[in-house]
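One-letter residues, chain by chain:
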Amino acid sequence: MIFQPAALALLLAASLNALLLLGSGVFALHLLRHWNPASGSERQIALERRTYLVGTLVGLSLLLGLPALALFAHNADAMAPFFTGAMCAVGSLKANVWGMPALLSMLAGFFLAAAWLVLNHLDGLGWNTPLIRGKYRLLLLLAPLALAQAVLLWLYYLNLNPEVITSCCGSLFGPASGGVAAEMAALPVATAMPLFFAGWLLTLAVGVGFLARGRFGRLFGLLAALHFPLALAAVVAFIAPYIYEQPNHHCPFCLLQAEHGYAGWVLYLPLFLGTAAGIGAGLAAAARADSLKVSAPRVAAGLTKVAVAALGVFGLAVLFYLRRSNLVM
Amino acid sequence: MVTMNTWIERQRALIDFSVANLGRRRGRNLGLFLAYTLLVFLLASVVLYGDALRREARLLLADAPELVVQRLAAGRHDLLPATWLEQVEGLRGVRGAEGRLWGYYFDPAVAANTTLLVPSASLSTSPPAPGQMVIGAALARARGLAVGDVLSLRGYDGKPYAFTLAGVLDADSELVSADLMQVNAADFRAFFGVDPGLYTDLVLRVANPREVRKVAEKVLQRLPGARVIAREEMRRTYEAAFNWRQGVLLTFLSTLMAAFALLAWDKASGLSAEERREIGILKAVGWETGDVLRMKLWEGALVSLCAFLAGYVLAWLHVFYADAPLFTAVLKGWSVLYPHFALAPRVDVAQIATLFFLTVLPFVAATVVPVWRAATLDPDEVMRE
Numbered sequence: 001m002i003f004q005p006a007a008l009a010l011l012l013a014a015s016l017n018a019l020l021l022l023g024s025g026v027f028a029l030h031l032l033r034h035w036n037p038a039s040g041s042e043r044q045i046a047l048e049r050r051t052y053l054v055g056t057l058v059g060l061s062l063l064l065g066l067p068a069l070a071l072f073a074h075n076a077d078a079m080a081p082f083f084t085g086a087m088c089a090v091g092s093l094k095a096n097v098w099g100m101p102a103l104l105s106m107l108a109g110f111f112l113a114a115a116w117l118v119l120n121h122l123d124g125l126g127w128n129t130p131l132i133r134g135k136y137r138l139l140l141l142l143a144p145l146a147l148a149q150a151v152l153l154w155l156y157y158l159n160l161n162p163e164v165i166t167s168c169c170g171s172l173f174g175p176a177s178g179g180v181a182a183e184m185a186a187l188p189v190a191t192a193m194p195l196f197f198a199g200w201l202l203t204l205a206v207g208v209g210f211l212a213r214g215r216f217g218r219l220f221g222l223l224a225a226l227h228f229p230l231a232l233a234a235v236v237a238f239i240a241p242y243i244y245e246q247p248n249h250h251c252p253f254c255l256l257q258a259e260h261g262y263a264g265w266v267l268y269l270p271l272f273l274g275t276a277a278g279i280g281a282g283l284a285a286a287a288r289a290d291s292l293k294v295s296a297p298r299v300a301a302g303l304t305k306v307a308v309a310a311l312g313v314f315g316l317a318v319l320f321y322l323r324r325s326n327l328v329m
Numbered sequence: 001m002v003t004m005n006t007w008i009e010r011q012r013a014l015i016d017f018s019v020a021n022l023g024r025r026r027g028r029n030l031g032l033f034l035a036y037t038l039l040v041f042l043l044a045s046v047v048l049y050g051d052a053l054r055r056e057a058r059l060l061l062a063d064a065p066e067l068v069v070q071r072l073a074a075g076r077h078d079l080l081p082a083t084w085l086e087q088v089e090g091l092r093g094v095r096g097a098e099g100r101l102w103g104y105y106f107d108p109a110v111a112a113n114t115t116l117l118v119p120s121a122s123l124s125t126s127p128p129a130p131g132q133m134v135i136g137a138a139l140a141r142a143r144g145l146a147v148g149d150v151l152s153l154r155g156y157d158g159k160p161y162a163f164t165l166a167g168v169l170d171a172d173s174e175l176v177s178a179d180l181m182q183v184n185a186a187d188f189r190a191f192f193g194v195d196p197g198l199y200t201d202l203v204l205r206v207a208n209p210r211e212v213r214k215v216a217e218k219v220l221q222r223l224p225g226a227r228v229i230a231r232e233e234m235r236r237t238y239e240a241a242f243n244w245r246q247g248v249l250l251t252f253l254s255t256l257m258a259a260f261a262l263l264a265w266d267k268a269s270g271l272s273a274e275e276r277r278e279i280g281i282l283k284a285v286g287w288e289t290g291d292v293l294r295m296k297l298w299e300g301a302l303v304s305l306c307a308f309l310a311g312y313v314l315a316w317l318h319v320f321y322a323d324a325p326l327f328t329a330v331l332k333g334w335s336v337l338y339p340h341f342a343l344a345p346r347v348d349v350a351q352i353a354t355l356f357f358l359t360v361l362p363f364v365a366a367t368v369v370p371v372w373r374a375a376t377l378d379p380d381e382v383m384r385e
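Read top to bottom, the protein sequences are chains A and B.
In this text, residue positions in the first sequence follow the numbering used here: the first is 1, and each later residue adds one.
In this text, residue positions in the second sequence follow the numbering used here: the first is 1, and each later residue adds one.
Please note that the accuracy of each hint is not assured.
To be verified - Pairwise CB distance ranges (calculated):
#1 A:Arg218 x B:Trp244: 50 to 60 Å
#2 A:Glu245 x B:Arg210: 18 to 28 Å
#3 A:Leu316 x B:Leu220: 53 to 63 Å
#4 B:Val248 x A:Asn326: 45 to 55 Å
Said to hold, decoys possible - With a cut-off of at most 20 Å between alpha-carbon atoms, the simulated SDA-like pairs for lysine to any residue come out as follows:
#5 B:Lys214 x B:Ala20
#6 B:Lys159 x B:Asn184
#7 A:Lys305 x A:Tyr244
#8 B:Lys214 x A:Val208
#9 B:Lys214 x B:Met234
#10 B:Lys267 x B:Leu305
#11 B:Lys214 x B:Arg227
#12 B:Lys218 x B:Leu85
#13 B:Lys214 x A:Pro81
#14 A:Lys293 x A:Arg133
#15 A:Lys305 x B:Met4
#16 A:Lys305 x B:Trp7
#17 B:Lys214 x B:Leu91
#18 B:Lys267 x B:Cys306
#19 A:Lys305 x B:Thr6
#20 B:Lys218 x B:Arg205
#21 A:Lys305 x B:Asn5
#22 B:Lys159 x B:Ala186
Calculated directly from the structure, the hints in this document are not laboratory data.
Ideal Cβ positions, reconstructed from N, Cα and C, are used throughout, including at glycine.
In isolation and in its complexed conformation, chain A is listed as follows (with noise of 0.2 Å):
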């Protein structure tokens, strides 16, 4: 089973991943020990040298992030037919208990990898390296990360058993099964919606309300990172059933598929950038050095400015969604 290109592309891809993240890893906990700026001392010039690999390493590890998500999506889609009983990527993802955690992982993976980048650029803006140590911690979290995602990885697709009977989307989703998945599929669309709707033009507003005034960028981060969990959970609740036009098919992936137009594609992906932009605007704008008084409310803003595009690209395509449905619930 694990051999399949895709499979294989995508295990390279976390392999080297988790090796270059973790060599950062171990620079990192070198770096927190030993950074000095004060000094001149040649093991100071190694270190500020060294930084620089870190950053491209970390860049290259955030640009491969979303394609390998992607892949890996599309692929357990593929590879549904393999397993009686999985008509969809829900189906392989169940297939054994590794396909979630690895999914989370990268999502997860895409996300911190935005954020350290943010903090990397910020960084870079001042003199004195004020960000410093934060970012350093922050990669401490982004590469023992980066090795559970390759090792969830290897033993999902090591793991895959075509025999197994899975569930398939209809079961996960529907209302005989419990879990979280089930929970929110049940929420009802009279909650769901408003709920969403409120959250989305929330976020929206403080994001404008920031660029307009300079002020709560901390809480647009907090906001765009709060977005992304409602909105999957809209996906989930009313928006993939309104897509589907079927009131008890409520599957995130299948939304990928060329049969309903890519509709997953066109939500996803302005969500996904949005919701990075949005985290980096917040994290930007929570930078207080004086060194960065000028620079980090511009980057702010300028990352502000992105994520409320994003997401209200999202929320437009969401609302062009439900329009065109022929689905009344």
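Position chain B against the provided structure of chain A, taking the given hints into account.
Just chain B now, with coordinates in the frame of chain A:
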């Protein structure tokens, strides 16, 4: 907006500079480019060809019957009595059942196994008339036959049976019909000595795909000595077989990938004195470490992109226009009579992403450290050398 524009301008200037840089060291970069293109070409050929075969198998199986029932005797496939057909015909959920007649015949003239088959009665084409035969295109090619020729085959009893060639099967279906000979039922039974009350196997049509498993269970209840094969299982098996072949080839090719990564690493870390001085001068005139790093990364990205495109296009031509002569034997897995068929060309984003991961990633991973090393050279030290 202003910062965005300056950023783009900056990257554009860096790209310009990188292109000029690559042009100046043409000989050195050409070797790397060729090796890179070859790697992409080989991997892309395997992936494209395997995917096209899988798609073909999927299309063929789309029309296959939902269930095939075979009789097992002492663990071996055996002929089954016509009474079995009556027993499963009435099952709820079965839309149609039919007995099939087919068998293998070793043709000494082409030294290959061929398949003799009685075409299904449910098809629109009528079976060949008595004494006549319709054969697959590959077989016709191999034996040099044309319509109207007489083909003499040795039957089960050692006597020769003469068949007149009434037609050659469409080349479109060659993946499955390459080695096929179609005759009518009476000729088939006479040729192989099969009694009138016997069939090779049964096929069942099930209208509702969700009932297939249930129908299979019921068939097994009524006919305990049967083996029931579902179409989905066949599809899964085909996919797994092609996946496996692709994967094995890719695994072998990964040694090549490692060798290429080594080459890239070597090329990137072995900077000439001239290049070192160049970086030193750039830094002396005000380039930052980050700028040099970005320029070097752009160089790598440009080489990767060009090699990837060239390799992919070559692989595309190799697979879809030249029938993939390098990998046919391994991936297709036919024995003697190779079907000759054109695969439908198709671009698949996931496939490109897969290839990109498999080829560009090792390159990037191998070059990132040497590139960083070059970018952090000390200008003072370098220019003093």
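We went through each hint and held it up to the structure:
1. A:Arg218 x B:Trp244: 50 to 60 Å: holds (52 Å)
2. A:Glu245 x B:Arg210: 18 to 28 Å: About 21 Å separates the Cβ atoms of A:Glu245 and B:Arg210, which means 18 to 28 Å holds.
3. A:Leu316 x B:Leu220: 53 to 63 Å: Distance hint for A:Leu316, B:Leu220 holds at roughly 54 Å.
4. B:Val248 x A:Asn326: 45 to 55 Å: For B:Val248 and A:Asn326 the Cβ distance comes to about 48 Å; the hint holds.
5. B:Lys214 x B:Ala20: The hint is violated at about 68 Å.
6. B:Lys159 x B:Asn184: holds (18 Å)
7. A:Lys305 x A:Tyr244: violated (32 Å)
8. B:Lys214 x A:Val208: violated (58 Å)
9. B:Lys214 x B:Met234: holds (17 Å)
10. B:Lys267 x B:Leu305: holds (18 Å)
11. B:Lys214 x B:Arg227: holds (14 Å)
12. B:Lys218 x B:Leu85: holds (14 Å)
13. B:Lys214 x A:Pro81: holds (18 Å)
14. A:Lys293 x A:Arg133: holds (18 Å)
15. A:Lys305 x B:Met4: Cα-Cα ~12 Å, so holds.
16. A:Lys305 x B:Trp7: holds (16 Å)
17. B:Lys214 x B:Leu91: Between B:Lys214 and B:Leu91 the Cα gap is close to 11 Å, so the pair holds against 20 Å.
18. B:Lys267 x B:Cys306: holds (17 Å)
19. A:Lys305 x B:Thr6: Distance ~17 Å between A:Lys305 and B:Thr6 Cα, so the pair holds.
20. B:Lys218 x B:Arg205: Within the cut-off at roughly 14 Å; holds.
21. A:Lys305 x B:Asn5: holds (15 Å)
22. B:Lys159 x B:Ala186: holds (16 Å)
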